[in-house]
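Enquirer: Quick note on my numbering: the sequence shown kicks off at -19 and runs consecutively.
FYI, nobody ran anything at the bench for these hints, they're computed from the structure. Even for Gly, the Cβ is constructed at its ideal location relative to N, Cα and C. Possibly wrong hints are sitting among the right ones.
What the hints assert, rightly or not - Cβ-Cβ distance ranges computed for the label pairs, FRET-style:
no.	residue 1	residue 2	range
1	Arg(-8)	Ile52	28 to 36 Å
2	Lys86	Pro12	29 to 37 Å
3	Gly(-9)	Arg85	27 to 35 Å
4	Arg85	Thr(-18)	17 to 25 Å
5	Glu58	Glu27	17 to 25 Å
6	Lys54	Pro75	17 to 25 Å
7	Glu15	Ile35	17 to 25 Å
8	Glu27	Glu0	32 to 40 Å
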Amino acid sequence: MTCVFCDIALGRILSERIYENRNFFSIYDYKPEVEGHALVISKKHFETIIDIPNIMGSELMDAIKSTTLLLIKKYNLEGFNVISNNKKIGGQLVPHAHFHIIPRRKGDSFRAWNLKKRIKNFKEDMILIGDK
-19 MTCVFCDIAL GRILSERIYE NRNFFSIYDY KPEVEGHALV ISKKHFETII
31 DIPNIMGSEL MDAIKSTTLL LIKKYNLEGF NVISNNKKIG GQLVPHAHFH
81 IIPRRKGDSF RAWNLKKRIK NFKEDMILIG DK
């Protein structure tokens, strides 16, 4: 099975990049929880955060901070969450290291994720992507 994030990193699936450095890039989430929901993704395939080499930590932080600052400016955000789901039991749907940046505003609709619903929607989306 191919990795959708590797395909995006290699340009086989097109997506608008918000920010990019040598080892990470950010894009808008395919099915955003709220407007501006973005993902910071490693260009190389690492399954979870603990697989990313420590030496890449400053570039990861750069990508998260730079993406978040761009989102704050574009969407006039009041706050944000940075979330990393790791392994299936932790809610990770794509086994490729990535970080969600969730824009927050007072009274927004974001609540803790319904994992069963996310898994069902993800499986349906992967079938659609495979048909393209």
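Enquirer: For every hint, state whether the structure bears it out.
Expert: Against the structure, the hints come out as follows:
The supplied range of 28 to 36 Å is met by Arg(-8) and Ile52, whose beta-carbon atoms lie about 31 Å from each other. Checking the proposed 29 to 37 Å range against Lys86 and Pro12 shows it is violated: the Cβ atoms sit about 19 Å from each other. Gly(-9) and Arg85 have their C-beta atoms about 33 Å apart, which keeps the hinted 27 to 35 Å range intact. Under the hint 17 to 25 Å, the C-beta atoms of Arg85 and Thr(-18), about 36 Å apart, miss the expected range.
About 33 Å separates the C-beta atoms of Glu58 and Glu27, a value inconsistent with the hinted range of 17 to 25 Å. For the hinted restraint 17 to 25 Å between Lys54 and Pro75, the CB-CB distance of approximately 30 Å leaves it violated. At roughly 34 Å, the beta-carbon separation of Glu15 and Ile35 lies outside the given 17 to 25 Å, and the hint is violated. Between Glu27 and Glu0 the CB atoms are about 21 Å apart, so this pair departs from the stated range of 32 to 40 Å.
Violated hints, in rising order: 2, 4, 5, 6, 7 and 8; the structure is consistent with all others.
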